[in-house]
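S.K.: In case you want the letters, here they are:
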Amino acid sequence: MSDSSINPSAGSSKGPRSSGRPARTIAILLVTLVAFTALAFIQSATKVRLGLDLRGGTSVTLTPRVSEGGKVTSAAIDQAVSIIRQRVNSLGVAESEVTAQGSGTNRQIVISVPGQTGQRIVQLVGQTAELRFRQVLAEGAPNAASAAADTKTATLPSGITPQLNAQYAALDCTKQANLQGGTVDQPNAPVVACNRTGTSKYILAPAQVLGNMISKASAAIDQQGASGWYVLLSFNGEGTSKFGALTQSVTKLATPQNQVAIVLDGLVVSAPRINEAIMSGNAQISGNFTQTDASDLANVLKYGALPLAFTQGEVLQVSPTLGSDQLHAGLLAGALGLVLVLLYSLLYYKGLGLVTVGSLAVSGAITFLSFLLLGKWIGFTLTLAGIAGAIVSVGITADSFIVYFERLRDEVREGRTLRSAVETGWKRARHTIIVADFVSLIAAVLLYFFAVGSVRGFAFTLGLTTVVDLVVVFAFTKPLVTIFANTHFFNSGSKFSGFSAKSLGTVTRTEGK
Amino acid sequence: MARISGIGGRLYRGETSIDFIGKRRRWYAFSGLLIILSAIALSVQGLHLGIEFKGGSEFTITKPGVTIAQARTAIATAGVTGETLVQKIGNDKVRIQTGALTSFDAVKTSLASTFAVNIDSIDTQLIGPSWGKEITHKALYGLFGFILVVLLYLTLAFEPKMALAAIVAVIHDVFITVGIYALVGFDVTPATVIGFLTILGYSLYDTVVVFDKVRENTKSITSTGRVTYSDAANLAVNQTLVRSFNTSLIALLPVASILFVGAGLLGAGTLKDLSLALFVGLATGTYSSIFIATPILATLREREPAMKALSKRVSQHSNAATLVKSESVQPVVVSADTKTGWARGPRNQPKRKRR
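Protein chains in written order, with this note's numbering: chain A, 1 to 513; chain B, 1 to 355.
Just so you know, these hints were derived from the structure itself, not from any lab.
The model shown is predicted, which means the values in this text are computed figures rather than measured ones.
One thing to keep in mind: the hints can contain errors.
Stated by the list, open to error - List of simulated lysine to any residue pairs, SDA-like, C-alpha gap at most 25 Å:
{"hint": "1", "chain 1": "A", "residue 1": "K71", "chain 2": "B", "residue 2": "G128"}
{"hint": "2", "chain 1": "A", "residue 1": "K175", "chain 2": "B", "residue 2": "G79"}
{"hint": "3", "chain 1": "B", "residue 1": "K54", "chain 2": "A", "residue 2": "A177"}
{"hint": "4", "chain 1": "B", "residue 1": "K54", "chain 2": "A", "residue 2": "L179"}
{"hint": "5", "chain 1": "B", "residue 1": "K133", "chain 2": "A", "residue 2": "A177"}
{"hint": "6", "chain 1": "B", "residue 1": "K63", "chain 2": "A", "residue 2": "S324"}
{"hint": "7", "chain 1": "B", "residue 1": "K93", "chain 2": "A", "residue 2": "L327"}
{"hint": "8", "chain 1": "B", "residue 1": "K54", "chain 2": "A", "residue 2": "V66"}
{"hint": "9", "chain 1": "B", "residue 1": "K133", "chain 2": "A", "residue 2": "S324"}
{"hint": "10", "chain 1": "B", "residue 1": "K133", "chain 2": "A", "residue 2": "S74"}
{"hint": "11", "chain 1": "A", "residue 1": "K427", "chain 2": "B", "residue 2": "L11"}
{"hint": "12", "chain 1": "B", "residue 1": "K133", "chain 2": "A", "residue 2": "V445"}
{"hint": "13", "chain 1": "B", "residue 1": "K133", "chain 2": "A", "residue 2": "T99"}
{"hint": "14", "chain 1": "A", "residue 1": "K175", "chain 2": "B", "residue 2": "S110"}
Stated by the list, open to error - A few chain A residues that face chain B, going by a derived Cβ cut-off under 10 Å, partial list only:
{"hint": "15", "residue": "G56"}
{"hint": "16", "residue": "L343"}
{"hint": "17", "residue": "D399"}
As the list claims (entries may be wrong) - Computed footprint of chain B on chain A; a stretch qualifies when at least three of its residues, placed anywhere within it, have a C-beta under 8 Å from a C-beta of chain B:
{"hint": "18", "stretch": "239–247"}
{"hint": "19", "stretch": "310–321"}
{"hint": "20", "stretch": "331–339"}
{"hint": "21", "stretch": "382–390"}
{"hint": "22", "stretch": "436–447"}
Beta carbons: idealized from backbone N, C-alpha and C, even for Gly.
For reference, chain A alone in the conformation it holds in the complex:
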């Protein structure tokens, strides 16, 4: 404080030029902040929506599978999303989400269901649910070598070409790989198929009745307990007549051709023998179902088959324990990082470091508020990667302060007064900050559009906080420094102001002259 004699000169010119405006800018920012906080309360957005990795739940990412001759269209993906959404909603779990991520036909469907729904959700959303009713042409052991009853004469049953027989021989239903289902078959061609449990193998005629001819599906239980839970189907007009015709045509035939196979996603669920024509328009699917199995299958059939086949890209199940562990770790890392940054800037920039503290507090408040409001408005959920993005951005935000501070000190080294340095330094630092932040923003936007799942969460918070950084630097940091530059403490070149001759390294020079 020995330099206090300098001050009068600085104090005397304190006046009209820049006194009212910086305070007004900060006031406007703070009022806006308070207004948005009030808005958050009014909209009851008082909690940040947490992602599944922070609170437990299941998430499934489905990638469209390109089948032979088939094409993945954008409309098909949209349709698949809406069908899957109906299936997920049938579970009745609150805050479940089904979204398509990515762009155009290169999209993935991400399903997130909170809580412990486990494997059930995976089966429910993943299956195509393409249902077909086909007449059985031949049935045999899971690894039978031929469809011919008598291998010596090798006379094939009617309707079976040698080519089909070769396919039949090649299919080994004892292999797990052949029991995964999900293959899309051509409805108007004969096929070979395994049953679900891998205990028998079939050659099936072209499909007569398709899944889209179903009007209703529900789970029901056989009261006598003979077949347990089953799924009851009702056909529409077309389905009723076709199913009637199919059942009528097979009744007179010999075993196994008097059976009608119910094929779901390429696997035979059951192949009951038809004793008489069924004209009622109802059918049953039974197959050792539990109640859950039966009602899930009914739901899946009710909402129709997916227009595309999907493969499971990633299935993630997080228990609530792990979720809260990750949340705590994320918050702890954030707090630690913040404290270190604040400590360093206070040690290095002394009084000027207080500007960093204030600015980080404001940008923290804006970011948190954005999380709350965006959670309400666009369903933003905070994931672990998102928290990491926010923590990493503490560094980026503080970087822009440093760029300005160093510039400021350079200007003072040039011999300017602090008050004029604040303006000239800002003009130059502004350009650097805008370009640098813009580059970060480009990175964030591209990461967001080219990525799926957790990467998107990271990119989103990174982009959001970069924008917040720009707002804070312009509307808070710069005005605050202007105000500080007009105070006695900073102009005095005090040891604690961050502008002492010693810390600027100007000591030797002044003494030299």
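Position chain B against the provided structure of chain A, taking the given hints into account.
M.R.: Frame of chain A; chain B shown alone:
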């Protein structure tokens, strides 16, 4: 701290000057060596890819007192064949990674009964075989898209040669970071890939700060004719050295705390993978902004006829004047930015002295 910032003052005025640009062949050679080492590490050892890229399953069981031996027995009972990886995390967690499973549910049920835990308390991750390819493709698209957009943007904001030099430095960073990953054998997971992509932005942040100063210092060098492009650029690097050091350190502090907490508390996962990649990338990014980006820029610019002519003029000038080396750097500030040069002495200096 005051001493560090004191150095900042000397660097700013060019009293202390580190010759980054003049000795550029040395840095190029050093980076070349790193790149060759990275290429060897990549081709010989390759990257240690996590299950996200190969497809497979991961089960994490949380129960006090679980052991690796227990987990191995459990996997054997569940009938899992092929390569498996069992890790102990903290005191009460084991993580089991397997290849592609045909009966995911059965394994899970078996694990639940062996460990006597609730089936839904087992954390699982199942990754399809093509998933890794998907994210790799997308990451590559992202990388190329980023490079193109940034090249365009920096060309507009600065100049084409600065954009080119910045991009070369960025590619240099990513390549060396990946090389370090191959060399050390760190796991590469999707979180690591995010980390790699984020390095792009970070590395450029530093470079942008330096280049902005270079541009300012070199604005009027051809008209004044006292310094070469390389000298002016070298002064800019020196002037922004403290800034680069501080921005890198400040950026590193949060990353280090994520790494510390992620590795210490959670053992493995998103936080650790991400912050490790950032940590390595930040270090190379800071190095490249100073030692690679600006020297490349100088190399590119010095090839221009105008700059060649300038060098010639400067060397004739300095031969005639026979200046002492330390003094010859001094006028740079003045010539590079005449305005600040004016403001330097007369207006403010006397005030200080009068005290």
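S.K.: Confirm or reject each hint.
M.R.: Verification of the hints:
1. Restraint check for K71(A) and G128(B): satisfied, since their Cα atoms lie roughly 21 Å apart, inside the 25 Å limit.
2. In summary, the hint linking K175(A) to G79(B) is supported, as the alpha carbons are separated by about 15 Å, within the 25 Å threshold.
3. Distance hint between K54(B) and A177(A) is fulfilled; the C-alpha atoms sit about 18 Å from each other, no more than 25 Å.
4. Of the supplied pair hints, the one linking K54(B) and L179(A) holds, its CA atoms being roughly 22 Å apart against a limit of 25 Å.
5. Restraint check for K133(B) and A177(A): the C-alpha separation of about 21 Å stays at or below 25 Å, so the hint holds.
6. At roughly 16 Å between alpha-carbon atoms, K63(B) and S324(A) fall within 25 Å of each other, so this suggested pair holds.
7. A C-alpha spacing of about 17 Å is found between K93(B) and L327(A), which places the hinted pair at or below 25 Å, so the restraint holds.
8. Among the hinted pairs, K54(B) with V66(A) is consistent with the structure: their alpha-carbon atoms are about 20 Å apart, no more than 25 Å.
9. About 31 Å separates the Cα atoms of K133(B) and S324(A), which puts this hinted pair outside 25 Å; it is violated.
10. Between K133(B) and S74(A) the alpha-carbon distance is near 21 Å, which keeps this suggested pair within the 25 Å criterion.
11. Note on K427(A) and L11(B): the hinted pairing holds, with a Cα-Cα distance of about 22 Å set against a maximum of 25 Å.
12. Pair hint K133(B) plus V445(A) holds up; C-alpha atoms about 22 Å apart against a cutoff of 25 Å.
13. Taking the CA atoms of K133(B) and T99(A), the gap is near 21 Å; set against the 25 Å cutoff, the hint holds.
14. Restraint check for K175(A) and S110(B): the C-alpha separation of about 21 Å stays at or below 25 Å, so the hint holds.
15. A hinted interface residue such as G56(A) counts as satisfied when its beta carbon comes closer than 10 Å to some beta carbon of chain B; here the least separation is about 9 Å, so the hint holds.
16. The beta carbon of L343(A) is positioned within 10 Å of a beta carbon in chain B (closest approach about 9 Å), and the interface hint is therefore held.
17. Using the Cβ-Cβ criterion of 10 Å, the hint placing D399(A) at the interface with chain B is satisfied: the shortest such distance is roughly 4 Å.
18. Restraint check on the stretch 239–247 of chain A versus chain B: 0 residues with Cβ-Cβ distances below 8 Å, three needed, restraint violated.
19. Using a Cβ-Cβ cut-off of 8 Å, 10 residues of the stretch 310–321 of chain A lie near chain B, which meets the minimum of three, so the contact claim holds.
20. Under a criterion of three residues with beta carbons nearer than 8 Å to beta carbons of chain B, the stated coverage of the stretch 331–339 of chain A is upheld, 6 such residues being counted.
21. Counting residues of the stretch 382–390 of chain A whose beta carbon lies closer than 8 Å to any beta carbon of chain B gives 3, which meets the minimum of three for the stated coverage.
22. Counting residues of the stretch 436–447 of chain A whose beta-carbon sits less than 8 Å from any beta-carbon of chain B gives 9, enough to reach three: the coverage restraint holds.
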